[in-house]
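Student: Listed below are the residues making up each chain.
Protein chains: 2
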Amino acid sequence: MKRETSGVTAPLGFEAAGLHCGIKKPGILDLALLVSTVSGPIAGVFTKNRVVAAPVILDRRHLRRHLGRAIIINSGNANACTGAQGLAAANTMAHSVARGLSVPVHQIFVGSTGVIGRVLPIDRVKTGIQALISQLSVRGGRRAAQAILTTDLRTKTVAVRTKIGGRVVTIGGMAKGSGMIHPNMATMLAYLTTDAAIVPSALQRALKSTVDQSFNCITVDGDTSTNDTVLCLANGLAQNPTIRPGTRHYRQFEHLLAQATQALALAICRDGEGVTKVVTILVGGAQTAAAAKRVAATIATSNLVKTALFGEDANWGRIMGAIGRAGVPVDPHKLTLRFDNVVMVKQGMGVGLVAERKIARVFKQNEFTISVNLGQGRAHARMWTTDLSFDYVRINASYRS
Amino acid sequence: MKRETSGVTAPLGFEAAGLHCGIKKPGILDLALLVSTVSGPIAGVFTKNRVVAAPVILDRRHLRRHLGRAIIINSGNANACTGAQGLAAANTMAHSVARGLSVPVHQIFVGSTGVIGRVLPIDRVKTGIQALISQLSVRGGRRAAQAILTTDLRTKTVAVRTKIGGRVVTIGGMAKGSGMIHPNMATMLAYLTTDAAIVPSALQRALKSTVDQSFNCITVDGDTSTNDTVLCLANGLAQNPTIRPGTRHYRQFEHLLAQATQALALAICRDGEGVTKVVTILVGGAQTAAAAKRVAATIATSNLVKTALFGEDANWGRIMGAIGRAGVPVDPHKLTLRFDNVVMVKQGMGVGLVAERKIARVFKQNEFTISVNLGQGRAHARMWTTDLSFDYVRINASYRS
Chain A
1 MKRETSGVTA PLGFEAAGLH CGIKKPGILD LALLVSTVSG PIAGVFTKNR
51 VVAAPVILDR RHLRRHLGRA IIINSGNANA CTGAQGLAAA NTMAHSVARG
101 LSVPVHQIFV GSTGVIGRVL PIDRVKTGIQ ALISQLSVRG GRRAAQAILT
151 TDLRTKTVAV RTKIGGRVVT IGGMAKGSGM IHPNMATMLA YLTTDAAIVP
201 SALQRALKST VDQSFNCITV DGDTSTNDTV LCLANGLAQN PTIRPGTRHY
251 RQFEHLLAQA TQALALAICR DGEGVTKVVT ILVGGAQTAA AAKRVAATIA
301 TSNLVKTALF GEDANWGRIM GAIGRAGVPV DPHKLTLRFD NVVMVKQGMG
351 VGLVAERKIA RVFKQNEFTI SVNLGQGRAH ARMWTTDLSF DYVRINASYR
401 S
Chain B
1 MKRETSGVTA PLGFEAAGLH CGIKKPGILD LALLVSTVSG PIAGVFTKNR
51 VVAAPVILDR RHLRRHLGRA IIINSGNANA CTGAQGLAAA NTMAHSVARG
101 LSVPVHQIFV GSTGVIGRVL PIDRVKTGIQ ALISQLSVRG GRRAAQAILT
151 TDLRTKTVAV RTKIGGRVVT IGGMAKGSGM IHPNMATMLA YLTTDAAIVP
201 SALQRALKST VDQSFNCITV DGDTSTNDTV LCLANGLAQN PTIRPGTRHY
251 RQFEHLLAQA TQALALAICR DGEGVTKVVT ILVGGAQTAA AAKRVAATIA
301 TSNLVKTALF GEDANWGRIM GAIGRAGVPV DPHKLTLRFD NVVMVKQGMG
351 VGLVAERKIA RVFKQNEFTI SVNLGQGRAH ARMWTTDLSF DYVRINASYR
401 S
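Quick mapping for you: the protein sequence lines, in order, are chains A and B. Anchor point for the first sequence: position 135 equals 135 in our numbering, and the numbering is continuous, going up by one each time. Anchor point for the second sequence: position 119 equals 119 in our numbering, and the numbering is continuous, going up by one each time.
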């Protein structure tokens with residue numbers, strides 16, 4: 001397996017483009033198009049939010065046919081809370097791409113991210129779509145990845161490949177980040193492409209499973225924005241034996257997709273607003289995986305833990321407090337708490353100042369691991385979190401200005 | 001009814017004192033004592049955290065006898081995650097007070113707040129207790145209120161009175177705040193005193209009910225620290241007809257206690273770490289009170305909402321996002337969203353730029369109200385929240401330094 005950096009256009013048969021169409025300030029890319037030269041299976045995972053943006057409504061409808069050809073994404077405007085007018089705008093985006101590419105409209109998918117409640121300047125978007133189609137190229141992946149960003153500092157792309165059934169299969173991807181991710185995502189968008197030959201049910205199952213182990217581990221289950229979307233489009237051009245659920249080839253594909261989604265999820269963490277640290281939370285010794293995840297999520301979303309990470313203040317008591325209020329029956333006397341390899345709490349008690357001095361050094365690293373053992377069972381969970389910094393407040397206090 | 005400012009010593013028969021015993025840096029008060037001249041009924045409400053500090057374990061045990069005489073509180077050290085040694089320290093605190101006042105130890109209650117996992121310097125505390133007893137006075141309420149603070153900027157006290165059965169009944173109180181309160185409390189301590197004659201069951205019921213409508217509305221149910229404690233000590237010196245549950249006198253007393261707890265809860269909000277705004281969240285039109293509270297809590301604890309409040313950025317889309325992910329079945333097309341008296345969202349859609357300009361002015365106020373109507377039923381809930389500011393991060397990133 002070899003990692004590339006060319007993103008969504010790394011697999012065979014994909015082209016992309018990105019440009020400024022006039023939603024954002026002049027010069028800032030705000031419209032991206034991603035196209036496969038042939039139609040193929042598409043899978044999707046969407047926000048669990050009850051307030052859903054127009055493009056999510058459209059994508060869910062189009063996904064019923066399991067067939068995709070192109071994805072059009074704008075940034076700067078979420079097209080959410082915009083009613084019938086918003087749905088019409090999303091439809092217009094899909095129709096413009098469909099006409100330009102001469103493919104059925106249900107093969108076109110739409111994504112939007114940005115400010116909620118503003119009407120999309122649809123004429124500018126339509127003009128932009130015409131230009132995008134003329135600019136499509138294999139080298140357009142980077143500009144497409146730029147055009148979907150909002151407060152992100154860096155583009156986030158991935159490409160991984162492996163041999164399946166004797167043929168090289170590639171998965172590419174791009175993503176945009178999401179506020180501080182925790183505890184409530186600003187919009188998270190991720191688009192994955194692959195030249196694998198795969199049946200739609202296998203693609204959907206692999207996407208659901210790998211999203212749960214990646215993007216859903218940098219957020220809290222259900223805590224999603226109005227627009228969150230992950231799509232994976234496959235075109236079969238790798239000419240591998242078609243992948244079906246439950247086979248060895250399926251497991252190879254799922255493993256490859258897990259690498260891609262995890263790389264994008266961590267890139268989102270590292271590029272989180274004002275992030276200076278990315279910390280892995282491991283919770284083991286739980287009675288159920290759900291309990292383990294709940295404890296991990298409570299630590300990961302605690303503002304007191306996150307500010308302590310930023311301040312490099314080895315305030316392990318805040319982690320004990322988070323464990324205790326996770327809503328899971330824990331026995332404090334069985335708790336072990338470790339920072340990287342340093343045990344700080346044994347049987348629920350701090351082990352002393354020597355350990356405190358050691359963990360103070362752990363806290364100075366950019367990335368480290370907090371491990372909790374509940375001493376109750378064998379179930380475990382992993383999440384990633386980030387610190388809460390001055391810059392997080394600065395960026396989010398003035399997002400629309 | 002007339003409001004006083006003298007706090008816990010406002011009711012008849014209470015004395016208090018506060019001093020520096022040596023837990024904190026020289027000169028900063030860190031030990032408080034509150035004593036009634038006669039023993040009387042005491043009620044308590046404690047943290048729901050599974051990891052519980054030693055003084056909470058002790059208080060719960062002493063509370064079984066429903067009789068109190070004095071409360072000793074230290075700041076600077078939470079005496080949590082300190083195992084058997086911590087429990088011994090809490091016991092020593094209670095015994096020192098009991099000996100000094102010549103009363104049974106089960107009438108003494110203990111509170112601690114500060115850093116978790118450090119051993120309490122119990123000898124200094126014992127010496128401090130001797131001095132406190134000699135300093136007890138009716139004018140000691142303010143120093144006691146100072147001695148229980150940690151990162152608080154201001155002391156928080158209250159005194160309210162009314163006539164019950166022809167006699168003037170007074171309730172006094174002091175509290176210490178709690179980080180940013182949302183979404184996870186640093187320790188919140190509140191001590192209420194009253195000269196009412198009241199049976200223990202009525203006192204406990206009134207305290208539970210008013211805490212739910214005050215302190216539990218500035219936090220999220222269950223999201224409590226290892227040390228959170230609210231106690232109410234009554235001594236009967238007002239000589240009113242003894243208050244029993246379900247009577248008119250009970251309702252009068254509960255109403256008075258609600259005023260006191262709400263005043264302290266709002267004082268905690270206003271003095272929250274780095275707080276520049278206190279915002280009331282009203283959620284109406286819900287099918288159940290629990291659903292209304294869940295929506296209110298999701299808005300109140302959203303970091304994206306809280307940073308928008310700090311930035312005076314009228315980013316109402318973040319509130320729509322929070323409503324949608326609250327885990328309550330809402331119909332976006334029935335949603336109304338109002339800022340003070342300005343309707344911003346009707347039937348789930350933004351009403352336009354004129355309203356946006358008006359709510360921008362609402363956001364510039366120090367205190368205002370965000371009202372949501374779900375359009376589904378008649379149940380409602382109220383919570384208070386605060387903004388998330390640079391100072392919140394600054395204070396919490398370096399709490400222990």
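No lab work stands behind these hints: they were computed from the structure. Among the hints, erroneous ones may be present.
Which copy? The list can't say, so a pair holds if one copy fits it or any two copies do.
As the list claims (entries may be wrong) - Each computed SDA-like pair below joins lysine to any residue, with the alpha-carbon atoms no more than 20 Å apart: (1) K358 / Q204; (2) K334 / V351; (3) K24 / K364; (4) K48 / R294; (5) K364 / I395; (6) K24 / F368; (7) K48 / K334; (8) K25 / T288; (9) K346 / A84; (10) K358 / G165; (11) K126 / Q213; (12) K364 / L282; (13) K346 / G284; (14) K358 / E312; (15) K24 / P121; (16) K24 / K346; (17) K24 / D313.
Fair warning: this is a prediction, and the values are worked out from it, not measured in the lab.
Student: Compare the structure with the hints numbered earlier in the document and write down the numbers of the violated ones, lowest to highest.
Tutor: 1, 3, 6, 8, 10, 11 and 16
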